[in-house]
Amino acid sequence: DVKVTQSSRYLVKRTGEKVFLECVQDMDHENMFWYRQDPGLGLRLIYFSYDVKMKEKGDIPEGYSVSREKKERFSLILESASTNQTSMYLCATLVGGAEGNQPQHFGDGTRLSIL
Amino acid sequence: QKEVEQNSGPLSVPEGAIASLNCTYSDRGSQSFFWYRQYSGKSPELIMFIYSNGDKEDGRFTAQLNKASQYVSLLIRDSQPSDSATYLCAVNKNRGSTLGRLYFGRGTQLTVWP
Numbered sequence: 045d046v047k048v049t050q051s052s053r054y055l056v057k058r059t060g061e062k063v064f065l066e067c068v069q070d071m072d073h074e075n076m077f078w079y080r081q082d083p084g085l086g087l088r089l090i091y092f093s094y095d096v097k098m099k100e101k102g103d104i105p106e107g108y109s110v111s112r113e114k115k116e117r118f119s120l121i122l123e124s125a126s127t128n129q130t131s132m133y134l135c136a137t138l139v140g141g142a143e144g145n146q147p148q149h150f151g152d153g154t155r156l157s158i159l
Numbered sequence: 002q003k004e005v006e007q008n009s010g011p012l013s014v015p016e017g018a019i020a021s022l023n024c025t026y027s028d029r030g031s032q033s034f035f036w037y038r039q040y041s042g043k044s045p046e047l048i049m050f051i052y053s054n055g056d057k058e059d060g061r062f063t064a065q066l067n068k069a070s071q072y073v074s075l076l077i078r079d080s081q082p083s084d085s086a087t088y089l090c091a092v093n094k095n096r097g098s099t100l101g102r103l104y105f106g107r108g109t110q111l112t113v114w115p
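Sequence order for the protein chains is A and B.
Take the first sequence: its position 84, counted from the start at 1, is 128 in this note's numbering, and no numbers get skipped.
Take the second sequence: its position 71, counted from the start at 1, is 72 in this note's numbering, and no numbers get skipped.
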């Protein structure tokens, strides 16, 4: 079974803090993705990565950055957290490689609150 | 125009009925199509995928794809209260820099009442 592990289920941080959300997968997948999910807005892609040190912006990259130093780990960074970044954050990996026909598999999510 | 649109719901059906969830997509070149189920407070889980025109059945679930009409649907037969969840339609364009990227609809909330 694919295992995608997000470091925290719930996280509370303060405005202005630098926040790190970690995602680790154990299946040697090349493609990894970060989404946020908000009521009424659905899943929105923040960033994705198709190889170590490679990244692509998604639809809403502003206020975020990412790091992929090792294949199994993809980190999302909130450079200076703001209250409008309170959300559910979901990490996903591409099952079965980069052929493009494969589904994504999600981690359990991190519910982040910025106070 | 949104990449993927779903009927917004909520959809409410009695136990034992057929639930029909619909999705349209804008890019005619889209290659692969996925249905995810998401329980409240949980992450999405894959329940069906379809690549070719026609029907694909898996237990009580049937996915239907019509590429000419740019339409994909999910039928749930003999609906159970445990099917109550939000269902997300996702589409993969499968080319160039979008390789592997999925475009999601906003989801349809389904309630199955006993």
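What the hints contain is simulated information worked out from the structure, not anything from laboratory work.
Computed from a predicted structure; not experimentally measured.
Worth double-checking, as some hints may not be accurate.
Claimed, not checked - Here are the simulated DSSO-like cross-link-like pairs (lysine-lysine), alpha carbons at most 30 Å apart as the crow flies:
#, chain 1, residue 1, chain 2, residue 2
1, B, Lys57, A, Lys101
2, B, Lys57, A, Lys62
3, B, Lys94, A, Lys115
4, B, Lys94, A, Lys114
5, B, Lys43, A, Lys47
6, B, Lys57, B, Lys94
7, B, Lys43, A, Lys99
8, B, Lys57, A, Lys57
9, B, Lys57, A, Lys47
query = Regarding the pair Lys57(B) and Lys47(A), is the alpha-carbon distance no greater than 30 Å?
reply = Roughly 27 Å separates the two Cα atoms, so the pair holds.
inquiry  = With the threshold set at 30 Å, check whether the alpha-carbon distance from Lys94(B) to Lys115(A) stays at or below it.
reply    = The given pair, whose Cα atoms are some 24 Å apart, holds under the 30 Å limit.
ask   = Holds or violated: are the alpha carbons of Lys43(B) and Lys47(A) at most 30 Å from each other?
value = Answer holds: Lys43(B) to Lys47(A) is near 15 Å, not above 30 Å.
ask   = Under the criterion that the straight-line Cα-Cα distance not exceed 30 Å, is the pair Lys57(B), Lys62(A) satisfied?
value = 46 Å, violated
inquiry  = Please verify whether Lys43(B) and Lys99(A) have alpha carbons no more than 30 Å apart.
reply    = 26 Å, holds
inquiry  = Next pair to validate is Lys57(B) with Lys94(B); report whether the Cα-Cα distance is within 30 Å.
reply    = 20 Å, holds
Lys57(B) paired with Lys101(A) [C-alpha distance capped at 30 Å] = 34 Å, violated
ask   = Taking 30 Å as the top limit, are the C-alpha atoms of Lys57(B) and Lys57(A) close enough?
value = 45 Å, violated
query = Regarding the pair Lys94(B) and Lys114(A), is the alpha-carbon distance no greater than 30 Å?
reply = 27 Å, holds
When held up to the earlier numbered hints, the structure conflicts with 1, 2 and 8 and fits the remainder.
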